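> Residues per chain are reported as follows:
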Amino acid sequence: MLNSLARDVKASMSIYDAGDDQVYGLLAEFANPGELLHAAEAVHEAGFRHFDTHSPFPIHGMDKAMGLGNSIVGWITLVGGITGLSLATLMQWWMGAVDYPISISGKPFFAVEPSIPIMFELTVLLASLATAGGMFALNGLPRPYNPLFYSKNFLRVTDDAFFLHIAASDEKFDQSATASMLQELGASNVETIHDHGEEDKD
Amino acid sequence: MSETVKRSNPLVWLIDPMESTAGQADPAYRFSWSKAAWLLPLAIGVVGLVVSAIGWATDSHQFYFSYLIGWTFCLSIALGAYFFVVIQHLTKARWSVVIRRIPEALIWSFPLLAVLSIPIILGMHDLYHWTHGDLLDPASPTYDALIASKVPYLNTPFFLARLAFYFIVWTFISHKLYALSVRQDVDPDASIPQTLRKYSAAGLVLGAICTAFAGMDILMSLDPHWFSTIFGIYFFAGSFMIIMAVMALTGMTLQRFGMLQGVIKVDHYQDLGKFLFGFTVFWAYIAFSQYMLIWYGNIPEETLFYRYRMENGWGTYSAILLAGHFIIPFVVLIGRWAKRLLPLLAFMCVWMLVMHWFDYFWVAAPVLHNYKAAMSLYDIAAWLGLFGVFTAAFMYRLSRHPLVPQRDPRLHKSLTFTNS
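Taken in order, these protein sequences are the chains called A and B. Mind the numbering: the first sequence is residues 1 to 202 in our numbering, read in order. Mind the numbering: the second sequence is residues 1 to 420 in our numbering, read in order.
Isolated chain B, as found in the complex:
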């Protein structure tokens, strides 16, 4: 008789759809940290959200933008994790098995993120200019022909339906990937890897389409005159870059607190470092491609996007983004030694987390503060608040199951992996 893992009760389902299997974990893969693992980020999250609530009461326009940036930041981590897991299954990757539980725990963030999207939906009028009805009325003095022509796509019901669709797809695939992998820890059913691959294949295609459109809907439509067909890839590039930093940092944190000793090795971190470096460059490649084509085409609707980000003080922010998100990590991470020097790698992971948030800030905030560059306290508060809650749920999920897919047929290959 094969063992199965029961579904968790509906209250916990949002955080973890499966009953805890921590009791059946191999001692080497046991989560041995106290509740502080998730209480601490939760405390930071609550403080951040309380400060944000003050922002909502005093300056709701600012609050909605700050919240959107922080929420998109968390969403991008979940999406990066989603693509990482899917690709590992499809390529039958061996090296990554020991770290795979970390992104697997992250992909169940979608239901929580869906709940946390409520303030964005409430603030759509503040965030998305195209929701204003007066722009669409030819008789109105503020009639905007360009936005009116985009109504078949950019309208509130369709926008909400699309968001719902993305989240249903991500949640459905994530549920399969997460639940099957957790079940595999205790169930000797040999067909699980094959099933995981099947859902990964569908998940890769569906997830890619949803992610590209989500990037356009959530961020690009903030400036409804502007369009860039590469924006979906830009959004993906940042997501896939940041998941490497999150995995490396989580692994190092767990090891620092005495877990997974000798399981995740410097060779695994070096590979994460390679991906972090590679996708930092990929991000720059995509960001530059977008910039260069707009520079060449010189169409007013498109060039304005960059003009806003080069004038009124935003030029400094653009320069910081270029240096901090590309040049500095490129120079620091290019050497093999840097990726194997764990304190340096950890520093660069934190650095990239900050720059990744700054990237979204750079996309969204100039829409609000066209005429004077400004970073608000609420930007930081909403970011830390949402990231704290997100991390708390993630750590809680990690604590309920073995820290490694302990019956994965390729686990042995991952444990003995070397990077010569």
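Bound-form chain A, shown alone:
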């Protein structure tokens, strides 16, 4: 049960496990962003969940086409913000009134007025760190190893090519049926990717 939970969490970061036969999934190339968008829509509609799209630049509407909901990163931000606010309040009070009280021109040891900037800054700091960290975690980044890198063709993803990848771990995955579906969607170069789990020799 824990294993399947870990698999789902990893899948939500688009990190998929290869099957026993080392088949990681299918990689299909599309001619342009529009075709990729429509293909993603169709693949989602066909019931696939373990798939991802890759393009040299962000494509508007892709999140909707892939059926991705709103990110939960906002809630991580909220937790970070509340943590920062509480820590700052505690710190201001403890340092000013408990650990080292000094009377400065008759001001109270602890007062809200001068503490607000610190409370504000720490709220913003921890909220933004939580946001950035949460974003990386939810995206499964950094990710130095990705079986897709075994494909020579995939190198062009940062230049001029648009790819859709369906993972073998998807319940609906069937190597030949899925490949022909991708071809019907207008894909060129449908490639089977194997996860060797080792360094590229070339």
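Fair warning: there could be bad hints in the mix.
As the list claims (entries may be wrong) - Here are the computed lysine to aspartate or glutamate pairs in the DMTMM-like style, where the Cα-Cα straight-line distance is at most 20 Å:
| hint | chain 1 | residue 1 | chain 2 | residue 2 |
| --- | --- | --- | --- | --- |
| 1 | A | Lys172 | A | Asp17 |
| 2 | A | Lys107 | B | Glu301 |
| 3 | A | Lys107 | B | Glu302 |
| 4 | A | Lys64 | B | Asp267 |
To be clear, the hints were calculated from the coordinates, so they are not data collected in a lab. Keep in mind that this is a model prediction, so the values were computed, not measured.
Model the placement of chain B on the given structure of chain A, informed by the hints.
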């Protein structure tokens, strides 16, 4: 041959400097509301001003303060519109083109506001303590060394000259921005956006200086002992916040009456909502910065400003301002859903209009009623009166031209804008 738009006749010039181009409007951008669009606010305005006139006859001291608060409220909307338009041109903004005609119509409010400032100039003796000559005479028992030391800046001729200068700058830049944009609706001259940017660059710098000083002159000098170097930004923050509410409300009103269907979309409103939220927070940031530094410095001249606003019943008003102008809008508007739920956004826009007026009330009224907090009927009457007249002129201007800069090169991008 390029088409041009003629200047309007001198009588209408005050309300709209350009001949109507409504006839050349694309049907999708046509103003199709009846004259009620401006007659209705005009009626409210006239009623408000008549009640104010009674106030002037019976309690002129109160009237001048009420009038100043209402007038500054209208001025701040025009200034917010001014900065909004200037920034859209300078950043070559695409999302905002479909709503830009609304602030463009608002920036031609400056000539009317200049005319409406006459009662303030007549009431300077009641409004501005520093105009009293006896404070400056060392032999007088009411001699005030602090105010006397500020005479080089705070004196009536210089004050009037400054006000005139601000209005000339705002009107000049606004005329360029307004007239060029209206001309662009019918004139295929491709150099217009570049010219608009040029005037916007100058307008941003000049407008910022004039606005900061205007805020200090009009509101801060009500309490001539007090000073706050951040007050100009405080004034700007409120202006730039309220223009978002005015644009969203105007857009929703026009759409409610069947205009601009499918042109302004929920995505545009969401962006206005983001700005409304952002500048509500910015206002609080500036207001708090001002408060905190005065709290820390603890200089009598400065702290008195807040003491007046915490005693004699004013504490309640200060608490209402804090809750109503910051905490409530912060909590309500922070979510994406709230900015896309248009009835809620409309409610918050009206809410912020009221709170924005209340902000100026909170700055100005305690100067008059030091010893007992009070809100007068004339405060409300002058506010609604001036805002009614201001809105009537604005709606009239809107009705005379296409509701969207229909030949703007970035209009297409704005029409297809999404906020994903």
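> For Lys64(A) and Asp267(B), compute the direct alpha-carbon distance and say whether it is at most 20 Å.
holds (16 Å)
> Taken at face value, is the distance from the CA of Asp17(A) to the CA of Lys172(A) at most 20 Å?
It holds: about 15 Å lies between the C-alpha atoms, which stays within 20 Å.
> Straight-line Cα separation of Lys107(A) and Glu301(B) no greater than 20 Å?
Distance of about 18 Å is within 20 Å: holds.
> Quick one, are Lys107(A) and Glu302(B) close enough, alpha carbons at most 20 Å?
holds (17 Å)
Violated hints for the displayed structure: none, as all numbered hints are satisfied.
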